[in-house]
Structure formats: structure tokens, C-alpha cells
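**Q** Sequence:
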Amino acid sequence: MEIIICDSPNDVAVKAADILQGYANRGATLGVATGSTPLATYEELIRRHTAGELSFAGCKMFALDEYVGLPIEHEQSYYSVIHNELSNHVDIDPQDVHIPNGLAEDLAAGCADYEQAIVDAGGIDVQLLGIGANGHVGFNEPSSSLSSLTRMKTLHPQTVADNARFFGSAEDVPVHVVTQGLGTIQRAGQLLLLATGEQKAHAISQLVEGPLSAACPASILQIHPHATVIVDEAAASKLNNVDYYKFIQQHKPA
176 MEIIICDSPN DVAVKAADIL QGYANRGATL GVATGSTPLA TYEELIRRHT
226 AGELSFAGCK MFALDEYVGL PIEHEQSYYS VIHNELSNHV DIDPQDVHIP
276 NGLAEDLAAG CADYEQAIVD AGGIDVQLLG IGANGHVGFN EPSSSLSSLT
326 RMKTLHPQTV ADNARFFGSA EDVPVHVVTQ GLGTIQRAGQ LLLLATGEQK
376 AHAISQLVEG PLSAACPASI LQIHPHATVI VDEAAASKLN NVDYYKFIQQ
426 HKPA
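End of the sequence shown = 429 in the numbering used here, gap-free, step of one.
Derived by calculation from the structure, the hints in this document are not laboratory data.
Everything numeric in this text was worked out from a predicted model, so none of it was measured.
Hints are all accurate, no fakes.
In silico lysine-lysine, DSS-like type, Cα no more than 25 Å apart, as pairs: (1) 427 to 190; (2) 190 to 413; (3) 421 to 190; (4) 413 to 427.
Turn these sequences into a full structure, and let the hints steer you where they fit.
**A** If you want it as C-alpha cells, here you go:
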């Protein structure tokens, strides 16, 4: 697992965009995340696309998750978020942007279809991830099976409270979601997890230096063959070996 510690949230976004640009320019299949953390990265990717530095032509995108029962036109549906914050601003074919169906009459069948769509696309080449304060990735809350596939989940009350800022109140946050499973995420070629701010410091310490455990779903990155964690100084503040991680980056082979 590679740990990259940046000076600022903006530097995190730029470093993440550097990695994603290489994938986009070769028409890769991209796993995209929602939440506040990746927005600066999306802004940087859009800036580079507008400047003619990268193209998403030939790419496919798969979102991590979606709220159950929320109309796709709702501004906080992840269908709307992915389109409004990224895909509508770049040259990807809209038919190649995939979001889990939180409105399916048969959610189990819809989840199975989403898994198959990822397989049919040849798998996800790079999966962008955030991390919740309780260590969740996607909407895989603590106690999620480490081998789980796309399915419906019930949000942890902490996640509902954390997401209330997007909806106006906790009462408006749907408590059920469809999410790629931890097993699904593990199949991606590279995992790229971003975190900024002191509020993520404990979760990052558990991800990087804690045990592999369903209590911290993000700890699955420890057993992935190509996992990269990019954090700012604040999010890295509870790591015990921060000086070593910086030393590794300073002496990284060219």
C-alpha cells in the first residue's frame, strides 16, 4: 500500500488527477465516487479536459453507490451528482456512465445486473474511493462482509448524520442504499483512496495501521495488490509512521 501525504487538500486533488489522467487518456474503465472529497479532483480533471490535456473518449464510468428510492432528478441522487459534477463536463459517451439503480422494483436483481455490467466491461481499472469517519468505503458500513458484492445496505446513523449536510436534515437522508461490495471493490486494478481534514484522521489511522477487520471496511486496502492512499497533513495526523511514509516518497525510484 502506497501512502502519499500532501501539504494541502488541493495537492491531494492534483495528485489524484495525475493518476486518473493516465487512465482516462487510454480509455480505461473508471470507478467514480461521490461525497465532498473527490469534488476538487473532478474540478481538476474538468480543467485539464477543457485545456485539451486529457480525454475521456472511450472510457466507461461506474459509480460506487446510490440511494434507494431517491428519484434520479433529485439533486442529491448520485445519478445527478456524477453527471453534474463530472460526466456532463467531459467527452465521455453518456451511455458509458453507469450508476446503480436505486429505483429498481427488484433490487437484488438490479444489483446482480450491476455486477454483471462491471464484468462485461472488463472490470474496473481504477476505483476512486473516499472514506467515512467510521471507516466505510462506498456505503459498506462497519460489519460489512469483506467479500460482499453489490447489494442493498442500511446506513449507519453516523453516516446519516454526516450526510445530512447535503439534504438539509438527517430526516431527509434515505437510510437504504445500493452499494458495490467490498469484494467488488477489491477486484479493481488499482484502488485510489483520498482523504482530507482532521475529521478523517482516525479512520485513516485504522485503514493504514490498524488490523484488517470488518470494523473498518476500508482496511481491505491492506490486502489489495495496488492500493494508493492520498491524504493531506490533517488526515495523516494520527498515523504513527508518518515520517517513514514521507521518507518513502522522498526516495521513490524514478
